[in-house]
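**Student:** For reference, the chains in residue letters:
Number of protein chains: 2
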Amino acid sequence: MLVQQEVPNWLLQRAFLTPNRVALKMGEREITFSSLHTQVLQMAGRLSTLGIQKGTKVGLLSHNSIEMIEVIHAIKYLGGVTVLLNTRLTANEIAWQLQDANTEFLVTDSTFSTSLHIVINIPVFSFDTLYDIQPDENVRIQEEFNLMDIDTIMYTSGTTGKPKGVIQTYGNHYWSSIGSALNLGIHQDDCWLACVPFFHVSGLSILMKSVIYGMKVIVQEQFDHIKVNRAIMEENVTMISVVSTMLTQMVDHLERFHFRYPASLRCVLLGGGPAPKVLLEKGKEYNIPVFQTYGMTETASQIVTLAPEDSLNKLGSAGKPLFHSQIKIIENGEEQPAMKAGEIVVKGPTVTYGYLNQPEATQSSIKEGWLHTGDIGYVDDEGFLFVLDRRKDLIISGGENIYPAEIEGVLLSHPKITEAGVVGILDEKWGQVPVAFVVGVELTSQEVEAYCKAQLAKYKVPKQIYFVSSLPRNATNKLQRHKLQELVKIDKG
Amino acid sequence: MLVQQEVPNWLLQRAFLTPNRVALKMGEREITFSSLHTQVLQMAGRLSTLGIQKGTKVGLLSHNSIEMIEVIHAIKYLGGVTVLLNTRLTANEIAWQLQDANTEFLVTDSTFSTSLHIVINIPVFSFDTLYDIQPDENVRIQEEFNLMDIDTIMYTSGTTGKPKGVIQTYGNHYWSSIGSALNLGIHQDDCWLACVPFFHVSGLSILMKSVIYGMKVIVQEQFDHIKVNRAIMEENVTMISVVSTMLTQMVDHLERFHFRYPASLRCVLLGGGPAPKVLLEKGKEYNIPVFQTYGMTETASQIVTLAPEDSLNKLGSAGKPLFHSQIKIIENGEEQPAMKAGEIVVKGPTVTYGYLNQPEATQSSIKEGWLHTGDIGYVDDEGFLFVLDRRKDLIISGGENIYPAEIEGVLLSHPKITEAGVVGILDEKWGQVPVAFVVGVELTSQEVEAYCKAQLAKYKVPKQIYFVSSLPRNATNKLQRHKLQELVKIDKG
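Protein sequence lines, in the order shown, are assigned to chains A and B.
Read in my numbering, the first sequence has 282 at position 282, and its numbers run on one by one without any break.
Read in my numbering, the second sequence has 411 at position 411, and its numbers run on one by one without any break.
No lab work stands behind these hints: they were computed from the structure.
The beta carbon of each residue, even a glycine, is placed where N, CA and C say it ideally should be.
There could be a bad hint or two in this list.
What the hints assert, rightly or not - So these bits of chain B aren't anywhere near chain A, every CB distance computed over 12 Å:
hint : residue
1    : G45
2    : P321
3    : G348
Stated by the list, open to error - Far from chain A, by Cβ distances over 12 Å, these chain B residues were calculated:
hint : residue
4    : Q13
5    : I120
6    : G214
7    : S325
8    : E360
9    : Y451
Claimed, not checked - Here are the simulated DMTMM-like cross-link-like pairs (lysine to aspartate or glutamate), alpha carbons at most 20 Å apart as the crow flies:
hint : chain 1 : residue 1 : chain 2 : residue 2
10   : B       : K277      : B       : D380
11   : A       : K367      : B       : E144
12   : A       : K328      : B       : D380
13   : A       : K458      : A       : D427
14   : B       : K162      : B       : E419
15   : A       : K328      : B       : D109
16   : B       : K328      : A       : E143
17   : A       : K277      : A       : D310
18   : B       : K282      : B       : E331
19   : A       : K328      : A       : E281
20   : A       : K367      : A       : E419
21   : A       : K25       : A       : E234
22   : B       : K429      : B       : E334
23   : B       : K25       : B       : D109
24   : A       : K367      : B       : E382
25   : A       : K328      : B       : E143
26   : B       : K328      : A       : E368
27   : A       : K367      : A       : D310
28   : B       : K367      : A       : E234
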């Protein structure tokens with residue numbers, strides 16, 4: 001008996017099965033699955049000329065674009081591994097991730113290529129330079145994908161400082177698409193609006209669904225609530241993925257102009273942390289089909305999502321697991337009964353095999369197939385998950401995850417800073433923003449900020465620097481971040 | 001790394017995820033997934049009391065009913081293997097299949113239990129007697145299904161005489177459901193009308209889809225074109241599986257009463273051999289969304305199906321493979337180019353691992369994952385399959401497969417018959433019916449017919465017996481069935 005672990009190359013099969021369906025639309029440009037395949041085959045030839053082959057790790061740093069999608073598929077055609085990089089990172093952060101992942105090439109869109117060359121010691125190609133390369137005519141493409149092979153790597157910050165590379169297999173992405181289909185359904189006229197970045201799994205998973213389902217995707221370079229609302233009103237968008245800050249802007253805009261979304265919009269998939277109740281209620285008031293969802297890079301996007309029939313009557317819940325997945329609530333090693341809070345642990349075929357080059361972090365996170373998320377929540381007596389708190393100390397700012405430890409590490413690397421503590425504070429626009437407490441001499445806020453800006457993506461730079469004489473610590477000298485929160489409140493008061 | 005080969009127990013997970021959706025409707029009786037699970041759990045307890053456990057083979061002989069569905073799921077809950085028996089078989093044919101499969105128990109509906117006891121030497125339980133059994137309170141159910149485990153066995157006739165038991169795994173059924181979903185989509189209001197028998201894979205696959213998709217199924221005991229049309233008109237049926245003879249009766253009825261199907265009927269899945277062109281054209285005229293499909297017991301139902309956008313413009317084609325599957329046309333060991341006919345060979349995760357206890361038949365049919373179907377067809381230059389002829393000499397009568405070799409075997413077992421040859425002839429109602437040519441002395445048609453009736457399901461009994469002095473054979477003494485066809489024409493002429 002054979003284990004079924006190979007499926008046809010998704011885009012290749014899709015282009016064969018439904019060649020004339022529109023795969024992508026960006027601005028006025030539309031491209032069918034058949035044309036996309038032709039373009040990707042050319043691109044695969046070019047990448048092959050460069051020496052990219054099975055197993056080669058290729059960094060990809062780009063805003064959403066059709067060229068970016070071509071490169072994503074082309075790397076799959078060759079069996080390479082795509083390391084997806086957050087465009088908001090600094091050159092140093094990018095260099096670190098590229099090196100950690102043993103990346104051999106970096107492909108970027110035209111906005112990046114020049115500044116990066118300085119700190120990066122691997123070949124960098126912009127899309128433009130790629131198009132000048134003569135495609136390898138003898139390129140051999142993967143006609144089948146092995147579901148156990150590594151497809152992509154995405155970095156996620158952790159409580160221990162430096163980001164960790166999450167390994168995502170073809171199987172992780174595949175089962176994610178299927179699990180979502182079994183929950184949300186597949187309609188022939190479905191059209192998913194992609195306004196979240198493809199370097200995040202929330203965006204990338206839309207592209208996987210597109211080729212697996214044969215579904216049209218409208219691509220937007222980045223989130224702009226006016227453009228998003230226009231697409232929903234005018235382009236028969238049926239599905240969209242957003243985070244709370246995005247949905248808030250969209251709904252405010254709706255409200256201001258007294259319009260309503262058309263009934264063809266059948267799913268607004270809302271991820272990125274617990275949603276404000278007021279937003280969910282406004283969604284209900286405006287008849288917006290909001291589906292709260294819970295997922296992370298380590299689960300190849302959603303693993304828990306509300307079902308259509310529960311989207312309005314289970315406000316505040318992230319739903320039940322997707323068909324192939326399971327959740328448990330654990331406290332002190334014991335599974336908790338309904339209504340008791342604890343750590344959310346999840347299992348299923350979308351869960352990562354682990355972190356790149358980090359056997360210890362992998363072992364401490366994934367035990368017997370169960371991923372210990374570090375997030376806190378409970379399930380009600382019908383099995384619906386309510387997420388109370390994302391990972392301990394995690395700051396979620398406009399859908400981006402920020403770990404205090406990473407910022408503290410940067411602060412402590414400054415010669416004049418002896419102690420540092422970072423916490424998130426509520427922010428009307430971004431949900432949360434980081435602020436820092438530092439112990440140091442002969443320093444100004446401006447200096448600290450400039451120092452951070454040079455090393456951290458802008459969204460990670462503390463919005464406020466508090467100088468203190470010491471930081472609150474417990475008996476074992478561990479930083480007590482909740483006490484810092486209180487200091488902020490005093491300051492605001 | 002682990003291979004993903006376990007998925008949650010389908011019904012158990014479905015009852016947890018969407019407990020209140022209607023799972024089944026038969027007559028006025030409706031049952032939700034939650035209630036179905038409760039019933040199945042009870043039934044699993046009863047079967048456990050009988051000693052049924054992981055790996056136990058259980059024969060199931062029943063017309064379509066909710067009780068039958070409960071038993072099908074209950075056997076899965078215990079990890080047993082269901083041997084599905086055609087209700088039209090004779091007691092001797094059933095006894096042979098039960099023995100060949102090493103079946104330990106037989107479960108039947110009330111119409112069978114008495115007559116069968118005589119020839120069957122294993123315990124037989126009717127549903128009624130099962131309900132009297134005290135459920136095992138300590139029953140342990142399979143919370144996860146291993147996709148590689150054997151789930152069901154269905155017998156299919158072959159060119160070599162006795163029927164062969166086709167092994168169907170959980171994975172075969174699972175991937176079949178997913179593959180179909182990726183082609184036909186999943187809508188929240190989907191409702192599949194099951195008027196084909198569950199002992200055939202065309203029927204059973206509907207039940208698998210029901211629990212995997214969370215979809216309502218309307219169960220009818222057997223096909224009755226009036227009841228089918230009434231359900232389509234009045235019960236929001238969106239999908240139905242039929243064979244040509246059934247669709248012909250449905251359309252005739254439509255025509256007679258000048259009505260049309262509602263637009264909510266989105267897919268009429270038409271299997272069971274090449275469809276008459278006139279029927280497809282009539283379907284088009286009546287705006288019936290007919291999707292021709294190609295599949296067999298060995299592929300766990302459809303493996304090639306038209307896509308929605310092609311259902312009207314590729315009349316006569318069975319379509320393209322489902323997402324995970326592939327087809328090739330082979331002639332003399334060589335893959336054929338477009339438009340060249342040859343044997344249809346198929347590959348994919350729905351293809352059986354082989355025939356029970358028949359390593360030779362398995363090896364000669366399945367080579368490197370490719371199933372050699374014996375059916376003849378070609379693909380056009382866009383990759384659409386056109387089936388020209390089902391397996392060599394196969395007779396398809398009202399959707400049932402009949403192999404001449406099996407009937408010839410019975411005829412030759414008669415002491416007064418020395419040679420026998422069987423072919424199919426066209427029949428207005430059934431598509432085809434079998435007729436026999438025999439060489440024998442002191443015999444009447446009535447005697448031969450009665451002899452066949454005692455040993456063969458009614459649909460396999462030759463509709464006409466021709467007595468001849470010899471049968472046409474080639475140089476190596478092989479029966480030339482095509483010459484028998486000519487003899488029939490002469491007789492009719």
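**Student:** Against this structure, judge whether each hint is valid.
**Tutor:** Here is what the structure says about each hint:
Every Cβ of chain A is farther than 12 Å from the Cβ of G45 (chain B); the closest lies at roughly 23 Å, confirming the non-interface assignment. Listed as a non-interface residue, P321 (chain B) fails to keep its Cβ farther than 12 Å from every Cβ of chain A; the least gap is roughly 8 Å. Non-interface call for G348 (chain B) relative to chain A: violated, since the shortest CB-CB distance, roughly 9 Å, does not exceed 12 Å. Non-interface call for Q13 (chain B) relative to chain A: violated, since the shortest CB-CB distance, roughly 6 Å, does not exceed 12 Å.
A cut-off of 12 Å between C-beta atoms confirms that I120 (chain B) is not in contact with chain A; the least separation is 30 Å. The beta carbon of G214 (chain B) sits about 7 Å from the closest Cβ of chain A, which is not more than 12 Å, so the claim that it is off the interface is violated. Distance check on S325 (chain B): its Cβ comes as close as 8 Å (rounded) to a Cβ of chain A, failing to clear the 12 Å threshold; non-interface status is violated. Listed as outside the interface, E360 (chain B) is consistent with that label: its C-beta sits roughly 18 Å from the nearest C-beta of chain A, beyond the 12 Å cut-off.
With a closest Cβ-Cβ approach of about 41 Å to chain A, Y451 (chain B) is found to remain outside the 12 Å limit, as its non-interface label requires. Only pairs whose Cα atoms come within 20 Å are accepted, and K277 (chain B) paired with D380 (chain B) is accepted, the gap being roughly 17 Å. For the given pair, K367 (chain A) sits about 18 Å from E144 (chain B) by alpha-carbon distance, which is consistent with the 20 Å threshold. As the CA atoms of K328 (chain A) and D380 (chain B) are separated by approximately 51 Å, the hinted pair breaks the 20 Å bound.
With a C-alpha separation of about 16 Å, the suggested pair K458 (chain A) and D427 (chain A) falls inside the 20 Å cut-off, and the hint holds. Restraint check: the Cα-Cα separation between K162 (chain B) and E419 (chain B) comes to about 18 Å, which is no more than 20 Å; the hinted pair holds. Between K328 (chain A) and D109 (chain B) the CA atoms are separated by roughly 41 Å; this puts the pair beyond 20 Å, and the hint is violated. Between K328 (chain B) and E143 (chain A) the CA atoms are separated by roughly 15 Å; this keeps the pair inside 20 Å, and the hint holds.
Distance restraint check for K277 (chain A) and D310 (chain A): the Cα-Cα separation of roughly 16 Å lies within the 20 Å cut-off, and the hinted pair is therefore satisfied. Of the pairs offered as hints, the one joining K282 (chain B) and E331 (chain B) is violated, with about 34 Å between alpha carbons and a cut-off of 20 Å exceeded. Distance restraint check for K328 (chain A) and E281 (chain A): the Cα-Cα separation of roughly 28 Å exceeds the 20 Å cut-off, and the hinted pair is therefore not satisfied. For a cut-off of 20 Å, the pair hint linking K367 (chain A) to E419 (chain A) is broken: about 34 Å separates their Cα positions.
Restraint check: the Cα-Cα separation between K25 (chain A) and E234 (chain A) comes to about 13 Å, which is no more than 20 Å; the hinted pair holds. Distance check on the hinted pair: K429 (chain B) and E334 (chain B) sit about 38 Å apart at the alpha-carbon level, beyond 20 Å; violated. With a C-alpha separation of about 18 Å, the suggested pair K25 (chain B) and D109 (chain B) falls inside the 20 Å cut-off, and the hint holds. Simply put, K367 (chain A) and E382 (chain B) have alpha-carbon atoms about 48 Å apart, too far for the 20 Å limit, and the pair is violated.
Taking the CA atoms of K328 (chain A) and E143 (chain B), the gap is near 15 Å; set against the 20 Å cutoff, the hint holds. For the suggested pair K328 (chain B) and E368 (chain A), the alpha carbons sit about 41 Å apart, so the restraint of at most 20 Å is broken. Proposed proximity of K367 (chain A) and D310 (chain A) is contradicted: the alpha carbons are some 31 Å apart, above 20 Å. For the given pair, K367 (chain B) sits about 52 Å from E234 (chain A) by alpha-carbon distance, which is inconsistent with the 20 Å threshold.
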